[in-house]
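Keeping their order, the protein sequence lines are chains Z and H. The numbering of the first sequence is our numbering, which starts it at 66 and goes up by one. The numbering of the second sequence is our numbering, which starts it at 66 and goes up by one.
Hints in this document: simulated from the structure, not taken from any laboratory. Every value quoted in this text rests on a predicted model; they were computed, and no experiment measured them. A portion of the hints provided could be inaccurate.
Where chains are identical, the list cannot tell them apart; a pair therefore holds if satisfied intra-copy or between any two copies.
Derived lysine to aspartate or glutamate pairs resembling EDC-like cross-links, with alpha carbons at most 16 Å apart [as the list claims (entries may be wrong)]:
#1 106 <-> 118
#2 249 <-> 226
#3 203 <-> 166
#4 249 <-> 223
#5 249 <-> 140
#6 114 <-> 69
Number of protein chains: 2
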Amino acid sequence: MPKDGTETRLQILDAAQELILARGFAGTSVDDILARTGLTKGAFFHHFKSKHELARALVERHSARDLERFEAILERAERLHRDPVQQLLIFFGLYAEFLEELADPTAGCLFASYLYESQLFDDSVLEIIRSNFAHWRKRLGEKLRAAAELHPPRIPVDLDDVADMFNAVAEGAFVMARTEQDPKVVARQLRQMRNYVELLFGAA
Amino acid sequence: MPKDGTETRLQILDAAQELILARGFAGTSVDDILARTGLTKGAFFHHFKSKHELARALVERHSARDLERFEAILERAERLHRDPVQQLLIFFGLYAEFLEELADPTAGCLFASYLYESQLFDDSVLEIIRSNFAHWRKRLGEKLRAAAELHPPRIPVDLDDVADMFNAVAEGAFVMARTEQDPKVVARQLRQMRNYVELLFGAA
DNA sequence: GGTTACATACCAACCGGACGGTATGGTATG
DNA sequence: CATACCATACCGTCCGGTTGGTATGTAACC
């Protein structure tokens with residue numbers, strides 16, 4: 066039993082995230098997290114100097130993972146086809162696959178959870194979420210503009226809005242998935258998003 | 066000055082909804098609501114026998130209003146055109162208009178707020194939300210099937226999923242609108258949804 | 001031996017809720 | 001039409017439990 070605390074810290078983060086996605090941040094007490102991990106107050110406040118610092122650590126981790134996954138999947142899609150439209154369609158498909166595998170009944174986005182309690186968090190936390198959405202908008206926007214040059218859209222659209230729509234659909238699908246037990250709702254909705262882009266650039 | 070309590074009850078409901086949309090249900094204390102209304106504990110627990118009964122009253126009101134608005138807008142769209150596809154497009158447009166006028170910076174959906182704290186509520190509350198989504202799916206699904214008969218979709222799709230997509234986009238757009246101050250994000254995203262249906266049935 | 005990683009014990013503030021009290025207006029009875 | 005009675009609307013205080021957070025102790029590793 067080495068005195069490496071990283072494992073304990075990870076336990077706290079994982080338990081906290083699961084609980085927060087089910088009850089919200091304010092609805093999750095430090096004691097709740099401790100009860101689930103079997104740890105004590107001392108352990109918690111050793112790793113996080115306050116409950117709000119835990120919140121920041123969680124959203125930072127979530128954002129880092131999300132951006133890493135985004136880039137990985139987008140690069141994979143870029144390797145699989147040369148045409149930017151096809152790259153987008155493949156990207157949506159791969160992302161839907163990922164979310165389908167996940168299949169977590171408590172699935173949900175930590176960002177959305179925070180945003181519906183946004184008044185509880187300071188701006189630095191919300192800024193992380195903001196820049197995450199901005200990253201998606203920027204990268205997908207670039208790809209959409211490349212697509213539009215080769216295949217003019219059948220309808221005049223704001224491509225940044227189309228880029229934003231991916232996250233909008235995903236976030237909304239997460240919300241709806243919570244009413245049923247079925248987490249596949251998310252993948253099905255992303256497939257609709259795929260259809261939209263396919264129709265928009267007239268690939269069909 | 067009659068001793069009619071309905072006004073007080075309304076004050077509590079309005080203040081509670083506003084606070085809950087900003088801080089979540091668990092993050093909003095009864096005292097918070099009271100401070101905003103200038104009322105006292107006695108008044109609150111006279112009108113609601115518990116904090117959870119307030120939650121139920123709020124979601125019931127929200128659902129009733131939503132369904133009423135849905136039917137009103139859909140009927141208006143049906144009167145404005147004979148073709149079911151055009152009716153859908155007009156419906157989306159009218160709904161986007163409504164949300165644009167609203168333009169509330171604290172805008173958000175109470176359903177989503179609850180669903181991200183779903184473990185705090187009993188099933189009867191969640192059932193209200195579930196049946197609300199089901200209503201949309203059913204009514205828009207009917208309309209989409211009528212549209213598909215006259216104008217076969219360019220791509221094979223599950224029309225119930227397309228119906229669900231409206232709420233998914235709206236819910237997701239609400240989430241994203243919270244990161245910026247701009248509440249027009251919702252209307253812009255609904256316009257994308259409109260485009261999808263337009264392209265799907267090949268009206269363009 | 002000093003730093004790291006926790007456990008234990010404890011606290012002040014806040015939480016939802018209970019409860020007794022009061023003011024007001026409608027109603028039934030004479 | 002005056003009085004007695006009661007239900008409704010609301011006030012303000014109190015309570016037990018829970019909250020996030022702290023102070024202190026201790027055992028293990030470097």
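How the hints compare with the structure:
1. 106 <-> 118: The answer is within: 15 Å in one copy meets 16 Å, while 33 Å across copies does not.
2. 249 <-> 226: between (25 Å within a copy, 11 Å between copies)
3. 203 <-> 166: neither (27 Å within a copy, 28 Å between copies)
4. 249 <-> 223: Cα proximity of residue 249 and residue 223: across copies only (14 Å, versus 29 Å in one copy).
5. 249 <-> 140: Close neither inside one copy (24 Å) nor across copies (32 Å); limit 16 Å.
6. 114 <-> 69: Close neither inside one copy (18 Å) nor across copies (50 Å); limit 16 Å.
Hints 3, 5, 6 from the earlier list are contradicted by this structure; the remaining hints agree with it.
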